[in-house]
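Using the sequences and the hints given, assemble the complete structure.
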Amino acid sequence: MLKRNNKVLRQLAKKNLLHRKYRSIGLMLLVTLLSFFILLGTVFTQSMQNGITNMKDRFGADFMIVPKNYKQGMEAILLKGEPSCFYFSKNVETNLEKVEGISEITSQFFLTSISAECCDTPVQLIGIDPETDFAVQPWIRQVYDETLKKGEIIAGSKIDLDGKDRLKFFDREYPIVAQLDDTGTGLDEAVFTSKETMEQMFNDAKAKGLRFVEDVNPTEDISSVLLRIEPGYDRTKLKKEIRKQVGAVRIIEADEMIGSMANKLENMSGVLYILIVLFWIIHIAVLFLMFSVSANERKKEFAIYRVLGSTKRYLARMLSLEGLIVCFFCAVAGTVLATVSMFPILSYLGNELELPYVQIPAFQVIKWIVVDIIFVTILGPCTSVYAIFRAGRGETYLTMRQGD
Amino acid sequence: MIAQLDNVSKSYQRGKREFTVVNDVSLKIEKGDFISIIGKSGSGKTTLLNMMAGLILPTEGVIKIDGKDIKGLSDKEISSLRNEKIGYIMQEQSLLSNLTVQENVRLPSYFFRNTASYSVEDEKEIFRKLGLMSLTNVYPEELSGGELKRVAIARAVLQKPLLLLADEPTNNLDKENTELILQLFSEISESGTAIVMVTHELENITFTKTRYEMDEGILFKNEKYN
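If you read the protein sequences in the order shown, they are chains A and B. Numbered according to the working numbering, the first sequence spans residues 1 to 404. Numbered according to the working numbering, the second sequence spans residues 1001 to 1226.
Calculated directly from the structure, the hints in this document are not laboratory data. Yeah, the Cβ is synthetic: ideal placement off N, Cα and C, and Gly gets one too. One should not assume that every hint holds.
[Said to hold, decoys possible] Per the computed footprint, the stretches of chain B lying under chain A, defined by three or more beta-carbons under 8 Å from a beta-carbon of chain A, are:
| id | segment |
| --- | --- |
| 1 | 1087-1100 |
| 2 | 1103-1111 |
[Unchecked claim] Quick list of in silico lysine-lysine cross-link-like pairs, DSBU-like style, CA-CA up to 35 Å:
| id | chain 1 | residue 1 | chain 2 | residue 2 |
| --- | --- | --- | --- | --- |
| 3 | B | Lys1016 | B | Lys1068 |
| 4 | B | Lys1175 | A | Lys312 |
| 5 | A | Lys300 | B | Lys1028 |
| 6 | A | Lys7 | B | Lys1160 |
| 7 | B | Lys1124 | A | Lys299 |
| 8 | A | Lys300 | B | Lys1160 |
| 9 | A | Lys300 | B | Lys1129 |
| 10 | B | Lys1160 | A | Lys14 |
| 11 | B | Lys1076 | A | Lys299 |
| 12 | A | Lys300 | A | Lys21 |
| 13 | B | Lys1175 | A | Lys300 |
| 14 | B | Lys1124 | A | Lys14 |
| 15 | A | Lys312 | B | Lys1031 |
| 16 | B | Lys1124 | A | Lys300 |
| 17 | A | Lys15 | B | Lys1124 |
| 18 | B | Lys1085 | A | Lys15 |
| 19 | A | Lys300 | B | Lys1071 |
| 20 | A | Lys7 | B | Lys1071 |
| 21 | A | Lys312 | B | Lys1028 |
| 22 | B | Lys1068 | A | Lys80 |
| 23 | B | Lys1129 | A | Lys299 |
[Stated by the list, open to error] Pairwise CB distance ranges (calculated):
| id | chain 1 | residue 1 | chain 2 | residue 2 | range |
| --- | --- | --- | --- | --- | --- |
| 24 | B | Lys1028 | A | Leu29 | 57 to 67 Å |
| 25 | A | Gln364 | B | Gly1072 | 52 to 62 Å |
| 26 | A | Leu29 | B | Leu1057 | 37 to 47 Å |
Rendered as structure tokens:
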């Protein structure tokens, strides 16, 4: 039963949609699919962009120097979160301190915990020098305001603490003073500590008879040297000088490491943007077509409304409302589906495409959900423009006769 | 005066030729008039009714409904006039298939009014008179041709219009129902509504007070019917 006042318009629109079940279902599937893909595609693209930005921010250094042949090991730690360890003499750092053109220099010591009873979790352990470090401490300070004391550790965002406030490495427990925010890099799967603590971990590992540390001395060896160039200094010249000073090492430029990954991500997001735009265009065209075909089928219905005294504006409102109802509910349905399936799908895509930087920041997801719902909802009244035009056009009585 | 037509003509262009469907018609319709127009198919009867309903505009002449020249009215004004002052029973099936009988009948009262111009008792009375009481919640696709026509008549009559335009209202109706409808028209014309009925059935015109004939777009009083 139709109820009086403005509700009538809403009820008429609903009844019209329900009356043409198959058309409405087709329309709803299409709009739900649009809303689903738009949100998923946008979040995926956005998360890749975030990955690039995070990577650049977190890398922190202009150059990273590692033992020769260990570029891939370093990339595995930074980009994929795969534990690795390699060493060269601390002299490399000492020699580089004399080199002109370097504004900041620090070194790191790597160790990997193992998958055994002595360790809670197999992770990358990174020892930093709190006095000279410029690469890790700025983002440690975002969650922990003090200098790391002996025995303290900081966990990366993806380390599963499971409510624990301590982690065991080589049969010794270390208090966790903070857990870092998500960076979207491999460093999320690392544990940070001072070199002093690292020395203790190293000695414990050695005492357990781990072969890979047999020939290493934590006071004389380091795993990498990170350095920053003085502003405006010639990079090529500096690289030459580094080689001259320290000989056979691998110099990794931040841009070189990030560059290949960033290019891959930027290409991917470029393709995705094009796909999203194409998806929009195709959907708008199909919706426009569906509303137009429907307007043609319904011309007799429109004529009856006009004969009974409906204004063109009333018809336009009714048709807009039909589009609005379909598109709003389907936009919501699409975003719910996309949100529910977002984490597994994006993780799967991230793994399949070897893009470890696919992050889904909650705030941005909420923002895109709102944008998706608004845009997809607006699409309804916009694509029913022809139907509205058709409804108010022509001589009503002729339409009545043609419509029979 | 409820309606006044002064030298109204309607022409159409078909290719290079112009066809005059309604030719220089003048007519005055007063409160309570019951006018019938008979004529062959294509004589211009329906076009004349459509012009009176404001669905099409005349090529020449003036049509005034309730004192207003329909040519100068905005879409809102003409729609309001059609909704509140004119009842139109079309020759074609004119019910909305997604609404029940009762919803179809009530629909016009929602466009411009917050309250219906009739009571629930009025509605029941019309439904009872037209034999529609058991069909209120039925959808048009389940109705026969005669039932569809009676619902359309109920919808037009219930709004208590100043002017009721009926285009072949007894098509698809049996003799009994035809008499019922014409009797109903007589009653409502007595109560003040002016009725213009187009028909091709001569026996129907006996119920009307004034009888016109239309031929090749020209409206005239044929003495043999009056």
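Violations among the numbered hints, reported as their numbers in ascending order: Of the numbered hints, 4 and 22 do not hold.
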